[in-house]
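Read off the chains here:
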Amino acid sequence: MQLITNSKGKNKTDILFDAVVYLVCLLIFLSIVYPLYFVIIASVSDSTLVSTGQVTIFPKNISFFGYSEIFKDARIWTGYSNTLLYTVLGTAVNLLFTLPAAYVLSRQEFRARRFLMLTFVITLFFNGGLIPTYLLMKDMHMTNTMWVFIIPFCVNVYNLIIARSFFENSIPRELFEAASMDGCTHFKFFLKVALPLSKAVVSVIGLYYLVAHWNDFFTGLIYIRSNNLQPLQIVLRDILLSNQVFSQGAGAGGSAGGYAQQYADQVKYGVIIVSTLPILIVYPFIQKYFDKGVMIGSVKG
Amino acid sequence: MISKNLYEHPAQPRAHKKPTVLNTFKRDHQLWIMIFPAIVVIFIFNYIPMYGIQLAFRDYDFSKGLTGGAWRGLFYFRQFFDSYMFADLMKNTVAISLATVILSFPAPIILALLINQVRWKRAKKTLQTTVYLPHFISIVVMVGLLNVLLSPNSGVIGHILSSVGLGDVNLLGSTGTFVPVYVLSEIWQHCGWNSIIYLAALSTVDPQLYDSSKIDGASRWQTIKHVDIPALIPTIIILFVLSMGNVLSTGFEKVFLMQNALNLPVSEVIATYVYKIGIISNQFSYSAAIGLFNTVINFVFLYAMNMIARKSSDISLW
Chain G
1 MQLITNSKGK NKTDILFDAV VYLVCLLIFL SIVYPLYFVI IASVSDSTLV
51 STGQVTIFPK NISFFGYSEI FKDARIWTGY SNTLLYTVLG TAVNLLFTLP
101 AAYVLSRQEF RARRFLMLTF VITLFFNGGL IPTYLLMKDM HMTNTMWVFI
151 IPFCVNVYNL IIARSFFENS IPRELFEAAS MDGCTHFKFF LKVALPLSKA
201 VVSVIGLYYL VAHWNDFFTG LIYIRSNNLQ PLQIVLRDIL LSNQVFSQGA
251 GAGGSAGGYA QQYADQVKYG VIIVSTLPIL IVYPFIQKYF DKGVMIGSVK
301 G
Chain D
1 MISKNLYEHP AQPRAHKKPT VLNTFKRDHQ LWIMIFPAIV VIFIFNYIPM
51 YGIQLAFRDY DFSKGLTGGA WRGLFYFRQF FDSYMFADLM KNTVAISLAT
101 VILSFPAPII LALLINQVRW KRAKKTLQTT VYLPHFISIV VMVGLLNVLL
151 SPNSGVIGHI LSSVGLGDVN LLGSTGTFVP VYVLSEIWQH CGWNSIIYLA
201 ALSTVDPQLY DSSKIDGASR WQTIKHVDIP ALIPTIIILF VLSMGNVLST
251 GFEKVFLMQN ALNLPVSEVI ATYVYKIGII SNQFSYSAAI GLFNTVINFV
301 FLYAMNMIAR KSSDISLW
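For the protein sequence lines, the chains are G and D, in the order given. Read in order, the letters of the first sequence are residues 1 to 301 in our numbering. Read in order, the letters of the second sequence are residues 1 to 318 in our numbering.
The hints are simulated quantities; they were obtained by calculation from the structure and are not laboratory data. Just so you know, not all the hints are guaranteed correct.
Simulated pairs of lysine to any residue, SDA-like, Cα-Cα distance not exceeding 20 Å [as the list claims (entries may be wrong)]:
1. 276/D <-> 241/G
2. 18/D <-> 111/G
3. 125/D <-> 33/G
4. 288/G <-> 129/D
5. 124/D <-> 17/G
6. 121/D <-> 14/G
7. 12/G <-> 217/D
8. 138/G <-> 51/D
9. 124/D <-> 284/G
10. 26/D <-> 184/G
11. 288/G <-> 193/D
12. 138/G <-> 279/D
13. 254/D <-> 187/D
14. 125/D <-> 34/G
15. 199/G <-> 107/G
16. 18/D <-> 112/G
17. 124/D <-> 287/G
18. 125/D <-> 219/G
19. 124/D <-> 283/G
20. 26/D <-> 179/G
21. 288/G <-> 202/D
22. 276/D <-> 242/G
23. 12/G <-> 218/D
24. 138/G <-> 60/D
25. 254/D <-> 219/G
Input sequences plus hints: build the corresponding full structure.
Rendered as structure tokens:
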């Protein structure tokens, strides 16, 4: 690295190379940022101007019709509060089940370690498939309850491996031996020493779990029939894809159909923002741990 | 609490017999308590359904539960192979997943090499933060975005396309554009995130290699070719083997959400068919058989790719 900054005579090809690199990077940057930015400006612009392609860089004729429609829609708030509950409770259960298990699997002296790791890893390649799993949930009376979002699959084996590798590499083995001389038990050591030293990995897998719960569409689709229990993603599907934008059914067509459709798009842009906001808020705080987290996971798969 | 410490100490080797699960149980009982919940959950929700796979060989008998129905052998498999859907399902599934693997596999490698060339720290950080972001958008929102942005009459990308004379194509509702839209949006969403692992591999390259290639007068391009890419090879092979294990499994959710009456001839895949046959029409045994068929093919591919990788490069999963 030093040599590059110190080099005085950059030749022409290197400058050209840099120019191409930065240009391509800029294009990639824009191709990701612009669609997202467009959704933001489209959600607050006049919907006629948006649909005729006149809103491109700045919002025009600012209108919050979409958002006010969203705030009035009970379905969205039911979905939102359901998902909030599933996410908070679910992530807590995930961490409660995953972290202690990862700690145990990181202990060299634990004799069943290799066997248990193998039985866990097998589940990554083999599974019973949709139908046997569905029938099991039915037999356990978990379908159409909130618990189906929280208990099944609360240990994700990938996250377990990430946490285990972290504990293995960052908690020196001698540390527990020294602590156990002073009468420290595994419970205490885990809570008072291992966890506080592992904030990075707890944040990373906590975020993975949190996002997985927030974005979970499949569980609702397969296991939930009752509207009061549906998570946000199912409501979003109805609004964004099945075009049931207005709860009163005004979007359904008829003479008002074309008129309503125009406003429907504005509601859709708004819904995309409102539903993705919580993740965008958490993201900046945790993204600094990403490189670290993935690196740990890849040390030994 | 003076140590009745049983931990092996290198300084004072113990004359005891070899530690086993049983004779260390008392010492490690707290560890067992800590891992017990995870064992229970994985056993119930992963291993019991595996046992339930035998449903694919049996009739489903509501009163006798998952494994109580009459044995039918390969009847449901044969029903699937003989059904008029079989050829289309296979063709669609292979087309979508192969296109995804072939096109979206190299993308993060190229992106990582590119990001690695950016010397300006601030720009690099900003670019990384940006390209990781779409990974966190939910599939429903992603497909919703495609719907509003690609809509031929009102979407911004629809407008851009019509300004270059491609306006009349309904990108979401035609059989010719389903796979390209699926694959490109997949790359848009996950390429950045998948590049992290390659960037991590690049960051472990010994800086001396860069120095010496500089001294040898290598150009930037030659450095990439002879230093960066060789450093990525092991990661590339492992990830490629893993991705081949998914060759017959498209993500259910995205295909399902992108389906509509117009693109159904190319968008009905095994996963969505299993859902429709099993969950919607309650033909449990038949759909379990289709699901099992899918799993087996995937595993065969994974196994074969792993063999090839091990034979040709000594890098493999197991």
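These are the hints, each one checked on the structure:
no.	hint	in the structure
1	276/D <-> 241/G	holds, 18 Å
2	18/D <-> 111/G	holds, 11 Å
3	125/D <-> 33/G	holds, 15 Å
4	288/G <-> 129/D	holds, 9 Å
5	124/D <-> 17/G	holds, 16 Å
6	121/D <-> 14/G	holds, 18 Å
7	12/G <-> 217/D	holds, 14 Å
8	138/G <-> 51/D	holds, 16 Å
9	124/D <-> 284/G	holds, 16 Å
10	26/D <-> 184/G	holds, 16 Å
11	288/G <-> 193/D	holds, 13 Å
12	138/G <-> 279/D	holds, 12 Å
13	254/D <-> 187/D	holds, 13 Å
14	125/D <-> 34/G	holds, 18 Å
15	199/G <-> 107/G	holds, 19 Å
16	18/D <-> 112/G	holds, 14 Å
17	124/D <-> 287/G	holds, 14 Å
18	125/D <-> 219/G	violated, 35 Å
19	124/D <-> 283/G	holds, 18 Å
20	26/D <-> 179/G	holds, 19 Å
21	288/G <-> 202/D	holds, 18 Å
22	276/D <-> 242/G	holds, 17 Å
23	12/G <-> 218/D	holds, 14 Å
24	138/G <-> 60/D	holds, 14 Å
25	254/D <-> 219/G	holds, 14 Å
Taken one by one, the earlier hints fail for this structure only at number 18.
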